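**Q** Please take these sequences and the hints and turn them into a complete structure.
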Amino acid sequence: MKDRGGATRSLMVLTVLFCLLAIAPSLVKSSYSLFVLCLSVINGIAVIGLNFIFGLTGQLHLGLSGFLGIGAYALALSTTRAGLDFWAALVISIVTVSTFSLLLGIPTLRLKRYYLAIMTIGFGEITRSVLMNWSSFTGGVFGVQNIPRPSLLGFRFTSNLAYYYLLLCIAILLSAVATRIERSKYGRAFKAVRDDELACEMVGMDSTELKVLAFLCCGVYSAIAGSLYASFQQYVSPELYTLAYSFSFVSMLVVGGLGSVPGAMLGAIVLTVLMELLRFLKQWYLVVYAATIILVIIYEPGGIIGFLNKLVERIGRRRAPSLSKEAMQHGGGV
Amino acid sequence: MGPILEIKGVSKSFEGVLALNNLDVEVSEGEIRAIIGPNGSGKTTLINVITGVFPATSGRIIFKGQDITGLSPFRIARKGITRTFQNLRLFPSLTVLEHVLAAQHHRSRVGFWGSVFSTRSGRAEEEGMVSRAQEILEFVGLKGRADMPGLGLPYGQRRLLEIARALATGPELLLLDEPAAGLSSEEIQALERLLREIRSRGITVILVEHRMMLVMNVADRITVLNYGEKIAEGKPAEIKNNPEVIQAYLGRAYAAAGS
Numbered sequence: 001m002k003d004r005g006g007a008t009r010s011l012m013v014l015t016v017l018f019c020l021l022a023i024a025p026s027l028v029k030s031s032y033s034l035f036v037l038c039l040s041v042i043n044g045i046a047v048i049g050l051n052f053i054f055g056l057t058g059q060l061h062l063g064l065s066g067f068l069g070i071g072a073y074a075l076a077l078s079t080t081r082a083g084l085d086f087w088a089a090l091v092i093s094i095v096t097v098s099t100f101s102l103l104l105g106i107p108t109l110r111l112k113r114y115y116l117a118i119m120t121i122g123f124g125e126i127t128r129s130v131l132m133n134w135s136s137f138t139g140g141v142f143g144v145q146n147i148p149r150p151s152l153l154g155f156r157f158t159s160n161l162a163y164y165y166l167l168l169c170i171a172i173l174l175s176a177v178a179t180r181i182e183r184s185k186y187g188r189a190f191k192a193v194r195d196d197e198l199a200c201e202m203v204g205m206d207s208t209e210l211k212v213l214a215f216l217c218c219g220v221y222s223a224i225a226g227s228l229y230a231s232f233q234q235y236v237s238p239e240l241y242t243l244a245y246s247f248s249f250v251s252m253l254v255v256g257g258l259g260s261v262p263g264a265m266l267g268a269i270v271l272t273v274l275m276e277l278l279r280f281l282k283q284w285y286l287v288v289y290a291a292t293i294i295l296v297i298i299y300e301p302g303g304i305i306g307f308l309n310k311l312v313e314r315i316g317r318r319r320a321p322s323l324s325k326e327a328m329q330h331g332g333g334v
Numbered sequence: 001m002g003p004i005l006e007i008k009g010v011s012k013s014f015e016g017v018l019a020l021n022n023l024d025v026e027v028s029e030g031e032i033r034a035i036i037g038p039n040g041s042g043k044t045t046l047i048n049v050i051t052g053v054f055p056a057t058s059g060r061i062i063f064k065g066q067d068i069t070g071l072s073p074f075r076i077a078r079k080g081i082t083r084t085f086q087n088l089r090l091f092p093s094l095t096v097l098e099h100v101l102a103a104q105h106h107r108s109r110v111g112f113w114g115s116v117f118s119t120r121s122g123r124a125e126e127e128g129m130v131s132r133a134q135e136i137l138e139f140v141g142l143k144g145r146a147d148m149p150g151l152g153l154p155y156g157q158r159r160l161l162e163i164a165r166a167l168a169t170g171p172e173l174l175l176l177d178e179p180a181a182g183l184s185s186e187e188i189q190a191l192e193r194l195l196r197e198i199r200s201r202g203i204t205v206i207l208v209e210h211r212m213m214l215v216m217n218v219a220d221r222i223t224v225l226n227y228g229e230k231i232a233e234g235k236p237a238e239i240k241n242n243p244e245v246i247q248a249y250l251g252r253a254y255a256a257a258g259s
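Protein chains in written order, with the working numbering: chain A, 1 to 334; chain B, 1 to 259.
It should be emphasised that the hints constitute simulated quantities derived from the structure, not laboratory data. Owing to the predicted nature of the structure, the values given are computational and were not obtained by experimental measurement. C-beta: ideal position from N, C-alpha, C; glycine also. Misleading hints may appear alongside valid ones.
Claimed, not checked - Covered stretches of chain B (in silico footprint by chain A; criterion: 3 or more residues with CB under 8 Å from a CB of chain A, positions within the stretch not fixed):
1. 60-74
2. 78-92
3. 112-120
4. 165-176
As the list claims (entries may be wrong) - Pair by pair, the computed Cβ-Cβ distance ranges are:
5. B/Phe54 x A/Trp284: 48 to 58 Å
6. A/Glu239 x B/Gly182: 54 to 64 Å
7. B/His210 x A/Leu173: 51 to 61 Å
8. B/Asp147 x A/Glu209: 26 to 36 Å
9. A/Glu239 x B/Ser131: 49 to 59 Å
10. B/Gly2 x A/Glu209: 56 to 66 Å
11. B/Gly182 x A/Ala176: 53 to 63 Å
12. A/Lys112 x B/Phe117: 26 to 36 Å
Said to hold, decoys possible - Taking lysine-lysine pairs in the DSS-like style, the calculated list, with each CA pair at most 30 Å apart, reads:
13. A/Lys112 x B/Lys79
14. B/Lys230 x B/Lys64
15. B/Lys230 x B/Lys240
16. A/Lys282 x A/Lys29
17. A/Lys310 x B/Lys230
**A** Below, the structure is given as structure tokens:
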């Protein structure tokens, strides 16, 4: 009916990606590699969340660290202090971050262009500062320790391998939901807002409401990613949640491909792994990391996904030259 | 028929420069009203003020007896007023069909989850929107173009897509800002037919246009602006011979020669 080619292609990339991720633990040997894999999948969930507001709706969100931090701390505190079960705490985390996304989004997203970027930078910094200094509640610089791993039907995900497969299941579920949202009338409306807000309003769309909805989706995904991170490390501390942390997710989305769910996942994996591979460079790793991002933006603004799409089209054209010749002879009578 | 739109004493100034000066215009239901005037006479400003792009400095705008002054653009659109843009504003990442679907978004009723998980009602609504979109595309003459990117269309058809997108909102009043700009003479003839068909569907049209041939052929009445003021109003034949209009367009010498 409409753009079915693009839809199946992105579904195929996602399927291949998750199949590779499913067999990855048997290919890597060290527990350190498994740790990096877990981190990649958690980051992937956060980047899929960021994609709603930045990739699809075009609003630059530089406070993802705030969302992730509040999500992580909501889970950490409600499991360790209130003694709640992981899943109940996850619900609290989602509700908390959603509330913050509405409180921040409703006044800010009425404005157009770059106001969200400025507001969210402030929000992220304030969040870090509160987590750091409200010691009686958050544990201050010492953070929160002994965060439990989840259990399901009597099985406790204590080993990193078990936790990795739990992460993968959640990531598959959330990718599927994100893809459905992107293909729904809301996804279409998000893209229209990104393209031209005034034209949207002229055809009756409430662009503020749509931007707030996309921001809320981002909040829910961030809450889940933040919670999964806290439970994975079983420890959270405030110094992680910096502006640089927010920027790293923006880079992942840009490198993977803005507006694409498989792109978000790919970008998260590639940059998370790259960051770990470059550790031997010590402080110089940031230079290589930054150069990679700059090169991607210059030579492939569509990101890894844009590159893959071009590749598939080129192969498709080479594989069916006789077909296209025939089509030309028949005048391409469409 | 009675007025569908009443512009009452509307002024608009930009940092002291009066773009519209105490303007009174009444548009009747079901007519094609052309608004003409030399460059800078306030035609596009008038469209922007009616559709809420920016508020009037003073005066009232009444649509179907209801005061819509100061409402935000999307609320005005939801009341049944929509427009096209002089410098096209299409959605670069949407296909032709998606443009016309997006314009139906505000009228759709199925909620977020119903749409995301394609419940039976969600699917039925989407199918209804698609078939309505196909019908509108056929109506404006873009049949068979549905799956192209909107910006992949040749220039003249992009103008038609803007009209299709506007029609998809289900307007009662359609404002067209220079829809014939950049079109060939055949395309203008097709546009002329399209405008008549839009009128025959009961949609009132306000047409801001420079191509006088088109204006004289389709307009029921013409309002002439100059320096933000109304200098004449009437049927095409009356306007054609109005000395004040000739003077505004061609200068005093021509007006004297004509009379």
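**Q** Now tell me, hint by hint, if it's right for this structure.
**A** To see whether the hints hold, each was checked on the structure:
Beta-carbon proximity to chain A at under 8 Å applies to 3 residues in the region 60-74 of chain B; the threshold of 3 is reached and the given coverage holds. Under the rule that three or more residues need a Cβ within less than 8 Å of chain A, the assignment of the region 78-92 of chain B holds, with 8 such residues. For the region 112-120 of chain B, the stated coverage by chain A is satisfied: 5 residues place a CB nearer than 8 Å to a CB of that chain, which reaches the threshold of 3. Counting residues of the region 165-176 of chain B whose CB lies closer than 8 Å to any CB of chain A gives 4, which reaches the minimum of 3, so the coverage claim holds.
One distance hint, 48 to 58 Å for the beta-carbon pair phenylalanine 54 of chain B and tryptophan 284 of chain A, holds here, with the actual separation near 52 Å. Between glutamate 239 of chain A and glycine 182 of chain B, the C-beta spacing of about 58 Å keeps the proposed range 54 to 64 Å intact. At about 56 Å, the CB distance of histidine 210 of chain B to leucine 173 of chain A agrees with the hint of 51 to 61 Å. For aspartate 147 of chain B paired with glutamate 209 of chain A, a C-beta distance near 29 Å keeps the hint of 26 to 36 Å intact.
Between glutamate 239 of chain A and serine 131 of chain B the beta carbon distance is about 56 Å. The supplied range of 49 to 59 Å therefore holds. At roughly 34 Å, the beta carbons of glycine 2 of chain B and glutamate 209 of chain A sit outside the given window of 56 to 66 Å. The hint said 53 to 63 Å for the Cβ distance between glycine 182 of chain B and alanine 176 of chain A, and at roughly 45 Å that hint is violated. At roughly 31 Å, the beta-carbon separation of lysine 112 of chain A and phenylalanine 117 of chain B lies within the given 26 to 36 Å, and the hint holds.
Distance restraint check for lysine 112 of chain A and lysine 79 of chain B: the Cα-Cα separation of roughly 23 Å lies within the 30 Å cut-off, and the hinted pair is therefore satisfied. With a C-alpha separation of about 22 Å, the suggested pairing of lysine 230 of chain B with lysine 64 of chain B holds against the 30 Å cut-off. At most 30 Å may separate the alpha-carbon atoms for a hinted pair to count; lysine 230 of chain B and lysine 240 of chain B meet this at roughly 15 Å. Using a Cα cut-off of 30 Å, the hinted pair lysine 282 of chain A and lysine 29 of chain A holds, with the two alpha carbons roughly 24 Å apart.
Proximity of lysine 310 of chain A to lysine 230 of chain B is assessed by CA-CA distance (about 56 Å); at most 30 Å being required, the pair is judged violated.
Hints 10, 11, 17 from the list above are not met by this structure, while the remaining hints are.
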